[in-house]
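K.L.:
Each chain, written out:
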Amino acid sequence: MRYFPFIFFTLLYCSASAANIYVGAKRSHKTIISAMDAALPGDTIFVDAGHYREKNLIIDKSIVLKGIGSPVLDGEKKYEIISITADGAVVDGFKLIHSGISSLEDLSGIKVYDSRNVVIRNNILEDTFFGIYIQNGVNCSIENNQLIAIGLEEQQSGNGIHCWKGDSLRVIGNQISGHRDGIYFEFVKNSVIWRNVSKNNLRYGLHFMFSNDDMYVNNVFRNNGSGVSVMYSNRIKMFSNYFEENWGDAAHGILLKEISDGFMEGNYFKRNTSGIYMEGANRIYMKRNVFENNGWALKIQASCMDVVLELNNFIGNTFDVGTNGSLVLNRFNNNYWDKYDGYDLDKDKIGDIPYRPVSMYSMIVEKYPPAMILFRSFITSLLDKTEKLIPSLTPENLKDPAPMMKRAF
Amino acid sequence: MNKIIKYVITDILRNKIVLIYTVFLLAASFSVFSLEDNSSKGLLSLLNIILIVVPLVSIIFSTIYMYNSAEFIELLVSQPLKRNTIWLSLFTGLASSLSIAFLIGAGVPVLIYQANLVGFTMILTGVLLSIIFAAIAFLATVQTRDKAKGIGAAIMLWLYFSLLFDGLVLFILFQFADYPMENAMIGLSALNPIDLSRILILLQLDVSAMMGYTGAVFKDFFGASNGLIFSFFVLLSWIVIPVWYSTLKFNSKDL
Numbered sequence: 035m036r037y038f039p040f041i042f043f044t045l046l047y048c049s050a051s052a053a054n055i056y057v058g059a060k061r062s063h064k065t066i067i068s069a070m071d072a073a074l075p076g077d078t079i080f081v082d083a084g085h086y087r088e089k090n091l092i093i094d095k096s097i098v099l100k101g102i103g104s105p106v107l108d109g110e111k112k113y114e115i116i117s118i119t120a121d122g123a124v125v126d127g128f129k130l131i132h133s134g135i136s137s138l139e140d141l142s143g144i145k146v147y148d149s150r151n152v153v154i155r156n157n158i159l160e161d162t163f164f165g166i167y168i169q170n171g172v173n174c175s176i177e178n179n180q181l182i183a184i185g186l187e188e189q190q191s192g193n194g195i196h197c198w199k200g201d202s203l204r205v206i207g208n209q210i211s212g213h214r215d216g217i218y219f220e221f222v223k224n225s226v227i228w229r230n231v232s233k234n235n236l237r238y239g240l241h242f243m244f245s246n247d248d249m250y251v252n253n254v255f256r257n258n259g260s261g262v263s264v265m266y267s268n269r270i271k272m273f274s275n276y277f278e279e280n281w282g283d284a285a286h287g288i289l290l291k292e293i294s295d296g297f298m299e300g301n302y303f304k305r306n307t308s309g310i311y312m313e314g315a316n317r318i319y320m321k322r323n324v325f326e327n328n329g330w331a332l333k334i335q336a337s338c339m340d341v342v343l344e345l346n347n348f349i350g351n352t353f354d355v356g357t358n359g360s361l362v363l364n365r366f367n368n369n370y371w372d373k374y375d376g377y378d379l380d381k382d383k384i385g386d387i388p389y390r391p392v393s394m395y396s397m398i399v400e401k402y403p404p405a406m407i408l409f410r411s412f413i414t415s416l417l418d419k420t421e422k423l424i425p426s427l428t429p430e431n432l433k434d435p436a437p438m439m440k441r442a443f
Numbered sequence: 249m250n251k252i253i254k255y256v257i258t259d260i261l262r263n264k265i266v267l268i269y270t271v272f273l274l275a276a277s278f279s280v281f282s283l284e285d286n287s288s289k290g291l292l293s294l295l296n297i298i299l300i301v302v303p304l305v306s307i308i309f310s311t312i313y314m315y316n317s318a319e320f321i322e323l324l325v326s327q328p329l330k331r332n333t334i335w336l337s338l339f340t341g342l343a344s345s346l347s348i349a350f351l352i353g354a355g356v357p358v359l360i361y362q363a364n365l366v367g368f369t370m371i372l373t374g375v376l377l378s379i380i381f382a383a384i385a386f387l388a389t390v391q392t393r394d395k396a397k398g399i400g401a402a403i404m405l406w407l408y409f410s411l412l413f414d415g416l417v418l419f420i421l422f423q424f425a426d427y428p429m430e431n432a433m434i435g436l437s438a439l440n441p442i443d444l445s446r447i448l449i450l451l452q453l454d455v456s457a458m459m460g461y462t463g464a465v466f467k468d469f470f471g472a473s474n475g476l477i478f479s480f481f482v483l484l485s486w487i488v489i490p491v492w493y494s495t496l497k498f499n500s501k502d503l
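Chains as they are written, first to last, in the numbering used here: chain A, 35 to 443; chain B, 249 to 503.
It is worth saying that the hints were derived from the structure and are not from the lab. Treat the numbers as computed from the prediction; the structure is a model and nothing was measured. This list has only true hints and no planted wrong ones.
Mimicking DSSO-like on lysine-lysine, the simulated pairs with C-alpha atoms at most 27 Å apart in a straight line are:
#1 B:Lys289 <-> A:Lys422
#2 B:Lys289 <-> A:Lys381
#3 B:Lys289 <-> A:Lys440
#4 A:Lys304 <-> B:Lys467
#5 B:Lys467 <-> A:Lys401
#6 B:Lys289 <-> A:Lys419
#7 B:Lys497 <-> B:Lys251
#8 B:Lys289 <-> A:Lys321
#9 B:Lys467 <-> A:Lys373
#10 B:Lys467 <-> A:Lys233
#11 A:Lys304 <-> B:Lys289
#12 A:Lys383 <-> B:Lys289
#13 B:Lys289 <-> A:Lys373
Sequences are here, hints too, so could you generate the full structure?
P.N.:
As structure tokens, then:
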């Protein structure tokens with residue numbers, strides 16, 4: 035306790051010293067730069083509405099930069115607008131427009147360099163190359179920002195929220211559209227992506243690489259060039275996300291490539307060319323997801339192992355499951371398949387005969403894509419029915435031994 | 249001409265088969281829509297009815313009707329009437345009664361449960377298929393006087409269009425799997441009205457699965473207005489050519 039007076043007075047000193055500085059046309063500081071030069075760590079700079087051309091603002095002290103009535107920071111298509119190099123800096127309530135474009139330096143709307151505890155919230159970013167870029171950040175949070183880019187092609191466009199190397203990041207409630215990748219994670223761990231809407235991006239709505247122990251919850255990924263891609267990561271958890279309207283030859287609701295120990299629950303896959311595409315995925319547990327009106331609900335390559343699907347609903351998909359080989363090391367159990375035509379004599383709500391989700395025709399189409407033109411003709415349904423009785427082409431072990439009679443939930 | 253059409257239609261109505269056909273379609277359509285929990289699945293079951301039952305009923309009923317009215321046709325020919333007029337009015341009467349039966353039997357339920365683009369495409373193709381197979385039946389009946397032969401030919405034609413043709417296409421596809429077959433497939437599909445109708449409906453029903461490369465080729469073709477006009481004209485020519493050819497035959501036929 036003998037340090038108590040020391041701590042007390044230090045705190046008192048700190049709180050007393052946190053000054054408010056105002057910037058605006060009618061204030062003492064006309065530019066943000068001059069206010070930042072005058073500021074001490076812990077100060078708050080309030081910026082009035084207006085149009086500011088400040089070139090590159092570098093925040094190198096832990097200050098709060100707060101916009102009142104969304105003041106506009108203009109990068110004049112040449113500069114990175116805000117660079118943060120200080121721990122604990124806050125950028126709140128700005129509108130950032132027209133950052134420079136450079137593939138050499140990854141110019142961004144807001145870029146964080148090697149810092150901790152940075153908060154970026156309530157900003158609007160329009161026509162920025164990269165939107166918000168965290169380079170080696172720890173415990174930073176990106177909340178309620180709107181990022182709109184007008185990207186025309188992948189080379190001319192950067193990622194919306196780009197996190198390269200980081201730990202304990204929080205990406206919450208952002209809306210991202212028109213970028214190359216909506217949200218990009220590489221070497222980021224222990225982070226959460228929650229309640230974001232990522233749509234109409236050129237490539238992926240969400241792009242994960244080498245990022246372990248992350249979680250994403252309640253996000254919407256809609257109509258992105260190729261959907262969502264999660265690659266080379268371990269222990270990813272996905273809850274209650276929406277994957278919708280990802281159309282195209284190589285588009286998937288979500289692509290899982292070289293993923294291990296993942297967990298997916300309560301996700302919705304609607305109207306995608308393929309809902310989930312899995313390649314080299316191991317030990318993924320999928321429970322209570324909904325697959326609705328997809329071309330293929332699930333494409334599971336023979337390289338996947340110990341993937342477990344339980345209590346999922348498969349409704350109105352053209353093909354339920356597609357695969358490329360006869361090796362099956364995965365398990366399906368208690369799912370609801372709307373194409374199931376078995377019976378339930380003992381009335382335990384579980385079908386008495388197994389369901390084989392891979393139809394013969396999906397195997398044929400996988401091999402000879404033009405055969406799609408004969409789909410739903412009399413002869414193909416005949417072939418499918420024969421195959422169901424005596425499986426020859428389809429993998430014999432790929433089956434749901436106990437399919438639900440009614441929707442699983 | 250109108251008089252003959254009117255007579256044909258009342259005659260068909262009196263013979264009740266078309267009425268039963270209508271009631272069957274109504275019952276089938278309503279039951280598929282109300283049995284399935286989502287009505288798009290009902291559409292799928294209905295698709296099978298349209299692609300199999302409608303051509304079958306159209307072709308068999310028309311063939312038998314034509315053979316049964318052989319005496320009536322002879323009577324008409326003895327009147328001061330052009331043979332063209334007789335043949336075309338018979339065709340119009342038959343085709344329109346079958347189309348009306350389809351419109352009431354399947355069109356009404358579809359409009360109630362699925363009044364969207366898919367539904368309309370289905371109704372349109374169903375009507376066209378009814379007329380096309382009536383036309384093909386006319387072609388079969390004009391070829392031979394032998395009733396058994398004619399009905400047999402009609403059944404074989406139906407079997408060919410609904411089953412054998414697809415088998416052949418599948419066979420060709422497997423044989424030429426190493427070549428880009430997308431455009432050839434489009435060409436082949438024009439040779440079978442049932443296939444063409446199925447593809448038109450498929451493009452709207454299984455949009456997501458059709459978004460792959462091959463699907464994109466089909467969709468680019470059939471989805472674009474040129475492709476739609478093309479398929480519509482092909483379907484129309486499936487009516488016009490058999491009717492025209494059978495009329496020619498009938499004009500010079502020794503009754």
